[in-house]
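Novice: Each chain is listed here by its residues.
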Amino acid sequence: MRLSDKAEEILEHLWIMTQEMGEKAVGLKELKTGKDAPEVQELLSLNYIDLSADSVTLREEGMEEAESAVRRHRLAERLMVDVLELDRSLMEENACLFEHLLRREVEESICTLLGHPKSCPHNRPIPSGRCCLGSATSARSIVSRLSDLEGGAKGKVAYLHTRDNKKLQKLMTMGILPGVSIELIQTFPSYVFRLGHTQIAVDREMAGDIFVRCGNPGA
Amino acid sequence: MPEKAECTCQGSIDEELDGLRKVVLVGSPNVGKSVVFGNLTGKYVTVSNYPGTTVEVTRGRARFGSVEVGVIDTPGMYSLLPITEEERVARTVLMEETPDVVVHVADAKNLERMLHLTIQLLEAGLPVVLDLNLMDEAERLGMRIDLDVLRSELGIPVVATIATENKGMDQLREAVLGCRRHGDGVPVRYGDSIESAVHSIGELLKGDYGISKRTVALLLLQDDDILEVVREKEASDCSAIEEIVERTRKGFSEPLNYIVTIERQRFIGRLMEKTATVDRSRGTDLKEKLSRLMMHPVTGIPFLLIAIYALYEFVGVFGAQVAVDFLENRVFGEYINPAANRIVAAVVPWKVLQDLFVNDYGIITLGVRYAIAIILPIVATFFIAFSIIEDTGYLPRLAMLIDRVFKRIGLNGRAVIPVVLGFGCDTMATMVTRTLETRRERVIATLLLALAIPCSAQVGVILALLSGNVKALGIFVLVMSTVFLLVGFLAARVMPGEQPLFYMEVPPLRWPKFSNVFTKTYTRVEWYFKEVLPLFILASIIIWAGRLTGLFDVVVNILSYPAGWIGLPEEAATAFLYGFFRRDFGAAGLYDLKNAGVLSGVPLVVSIVTIALFMPCIAQLSMTIKERGLKTALGMAAFIFPFAFLVGYVVNVVLNGLGVIL
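Same order as they appear, the protein sequences are chains H and X.
Going by this note's numbering, the first sequence opens with residue 127, and the numbers climb by one from there.
Going by this note's numbering, the second sequence opens with residue 37, and the numbers climb by one from there.
By construction, these hints were calculated from the structure, which means they are not laboratory data.
One thing to keep in mind: the hints can contain errors.
Cut-off 30 Å, straight-line C-alpha distance, at most; resulting in silico cross-link-like pairs (DSS-like, lysine-lysine) [said to hold, decoys possible]:
#1 H:K150 - H:K161
#2 X:K203 - H:K293
#3 H:K292 - X:K269
#4 X:K630 - X:K566
#5 H:K292 - X:K242
#6 X:K662 - H:K293
#7 X:K662 - H:K292
#8 H:K155 - X:K286
#9 X:K286 - H:K132
#10 H:K244 - X:K286
#11 X:K286 - H:K293
#12 H:K280 - X:K323
#13 H:K132 - H:K150
#14 X:K323 - H:K282
#15 X:K203 - X:K58
#16 X:K286 - H:K280
#17 X:K325 - H:K282
#18 H:K282 - H:K244
#19 X:K323 - X:K242
#20 H:K280 - X:K325
#21 H:K158 - X:K286
#22 X:K443 - H:K244
#23 X:K443 - X:K79
#24 X:K286 - H:K292
#25 X:K443 - H:K292
#26 X:K325 - X:K549
#27 X:K310 - H:K280
#28 X:K310 - H:K282
#29 X:K443 - X:K325
#30 X:K269 - X:K662
#31 X:K549 - X:K566
#32 X:K58 - X:K79
#33 H:K150 - X:K310
Just a sample of chain H residues kept apart from chain X, beta carbon distances all over 12 Å, derived [as the list claims (entries may be wrong)]:
#34 K158
#35 P164
#36 L210
#37 C257
Covered stretches of chain H, as calculated for chain X (at least 3 residues, CB under 8 Å) [to be verified]:
#38 170–178
#39 182–188
For clarity, every value in this text was computed on a predicted model and none was experimentally measured.
Cβ coordinates follow ideal geometry from the N, Cα and C atoms, glycine included.
Make a model of the complete structure from these sequences and hints.
Specialist: Structure representation (structure tokens):
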């Protein structure tokens, strides 16, 4: 059985507040809902949440569904930005609509297509799904890490992702920036690629932080 | 804090620039700043085809028409937000030298990437001239740049140059003379949240930074260590500033340097559409094909071996054997030495004083002969070969090939440049370790240079000593590589630190220019001589005095013990004593012993290994102290001395144990 869109929104919000922000309970007001609203009743009947006075807590039973909702929302955002190249403002509203349409099977395909991204365009982590665990990177991805591509691949830099700010700065000063055309020349012993009229050599660690949208996926 | 070179192969050519209009050259690495500097001032600064050749600030005077100006050459910098030490040095020049004009030397073919720095310089409120250099390479790639549009869009003078051919220099001089400070340029806006933070930080900043408050604010927001400077200059309001930075940062989920750079890139992208067109029909040319052969592991390694073999033929055979033989046996053996002996004997009546100048250990017969007949041909041929390799751009390609191996010893591929340079001159190489990013890498590289990388003079003498004995040469190479890798591996284990990262621009292959190869070799050999000859003469005098007083015999006697332990004849102790002055001097001493028939076979290999690992020369030691500090340098010395003898001992035992006959 499928949750209603509104129930999904609540789970998502609860998960972010409790898992990422460290809150214990979230007020009904903050969730923009009420005690008797159908989505709250729906979640209560599934034993996904507990309700006490004016605040809601996420139960263990609801955890998986909540995490999955967050995952789908953030994947949808990546899809908007990386593949459809939508502007940030358009992304926000479309992602909200889109996440509810994603079913598990589609979710996995999209995750693979995007190269199992680790974070959303806002740099928040995307919870990993089953598809991310195996070596599913061999499947055709539209956005892949540079380190997963083969020599000869061409495309554009989609985004950079690293936790290390200095590393990010290094990549950027070499001119590796979203939107720049990139052509991978070789991958061993180091990664060598062409960027505009320059060639740059990097090691595997740095190549893994560059995400590329390929011109011809799978090629 | 621009420091002066003491004894480097780049020479010390700084000039006082007091009271002159100051022109500072800045730009990314390997775009030709030093060539432009040379064209403007008539002074030679080492020029090569790889990033990071210039590690110091150089000053010179130049005449622009009737005006005399001071020109300052800086190490390469990609951005005002520095990552490496050289970038920090370059930024400090901008902040502290109050330049009258800043010339941004840029690689025309990579204009898009270069404009980031141009814009940062404009934001900093500096009077900028944009010099699009390497215009020939851009044209060859089918790139056209509309300079007029660029001028009007950026509001600064823009000139196109080909510095290596001295083209466009007059326009550059004119642009510099005509350049005026054009207020705080604000070409790019970074969105409301950042702009309002920049504004409020700007209001709080009271100190003088030499660059605009907008730039200081932007740097603070981007997590730059300029914060320390700000804390110093703004004792009162600093916490308020840090609060704004913190608050602004929280409003974004991505680091602010990412946001700012992407915003700037958007501006540049639009600018590029208006100014540059590229004819994409050009295919890969011959140089590009050659470049790929050099980088592909299957073809790259054979290529490297061929290159090493060619180097061996030129330096080891032609330089160290043919040329040394001619100078040593013909010129000195048949003419100079006998003549000197005769003349001195006729002029100076006392035997003691005669010995100072001639006979076995005299200044002329020993000091000058070592320097000119043995060291000069080897060093000259090595530097010729090395200059050619540098100018082609092969070194960055070697760096990417070898990165994985270097990671094992706590370094990254970038360290290949100081290491290969070390085969030329370890002193110069020790200084170049500055281009490495972490202290850990710098210490490991310095140690390996001091221990396991023999300099060209040494290599040459060693090759001459082992000439014709392939087996002995093989053992020597094997022992040295093992020591290099093993000590590196252990040092990386002992010294904790973050895993080094490798990233490097691979410049296009370029044909070496004869004039640059010649000038560079000449500069290096000249420097080398200035350093070596006095030391050799001094060594001759000390040896003379030592022998006269009997002190020499005492020291040789003491040294003959460790020499004896590793199976060497007593006479080898003399060579080790020379080795204290310079390693090559010691090796050259061995050369004499071999010719005298005292040293051969296993003991020869053992003594060569020991002396090659031995303490670095005085110049390298002083450079190590300067770059790494006294404590670290002494620590290294304390390790190297006994370790060299230990390795010699082990090699002796193993070779004898295996019954190896050489």
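Novice: Is the hinted pair K443 of chain X and K292 of chain H satisfied, with a Cα-Cα distance of at most 30 Å?
Specialist: Holds - the C-alpha atoms of K292 of chain H and K443 of chain X are around 19 Å apart, at most 30 Å.
Novice: Within a Cα-Cα threshold of 30 Å, do K244 of chain H and K286 of chain X meet the stated pairing?
Specialist: holds, 21 Å
Novice: Taking the closest pair, is the beta carbon of C257 of chain H still more than 12 Å from chain X?
Specialist: holds, 25 Å
Novice: Would the pair K286 of chain X and K132 of chain H pass a check requiring their Cα atoms to be no farther apart than 30 Å?
Specialist: holds, 29 Å
Novice: Could you grab the alpha-carbon distance between K132 of chain H and K150 of chain H and see if it respects the 30 Å cut-off?
Specialist: Holds, because 21 Å separates the two Cα atoms, which is no more than 30 Å.
Novice: Taken at face value, is the distance from the CA of K79 of chain X to the CA of K58 of chain X at most 30 Å?
Specialist: holds, 17 Å
Novice: Between K286 of chain X and K293 of chain H, does the CA-CA distance stay at or below 30 Å?
Specialist: holds, 20 Å
Novice: Run the distance test for K310 of chain X versus K280 of chain H: straight-line Cα separation, threshold 30 Å.
Specialist: holds, 25 Å
Novice: Does K323 of chain X pair with K282 of chain H here, judged by a C-alpha cut-off of 30 Å?
Specialist: holds, 25 Å
Novice: Take a quick look at whether K443 of chain X and K325 of chain X sit within 30 Å of each other, Cα to Cα.
Specialist: Measuring from Cα to Cα gives roughly 28 Å; hence the hint holds.
Novice: If you draw a straight line from the CA of K310 of chain X to the CA of K282 of chain H, is it 30 Å or shorter?
Specialist: Roughly 21 Å separates the two Cα atoms, so the pair holds.
Novice: Would the hint linking K280 of chain H and K325 of chain X be met if the CA-CA limit is 30 Å?
Specialist: Distance of about 18 Å is within 30 Å: holds.
The structure is inconsistent with the numbered hints 2, 16, 19, 23, 33, 38, 39, although it conforms to all the rest.
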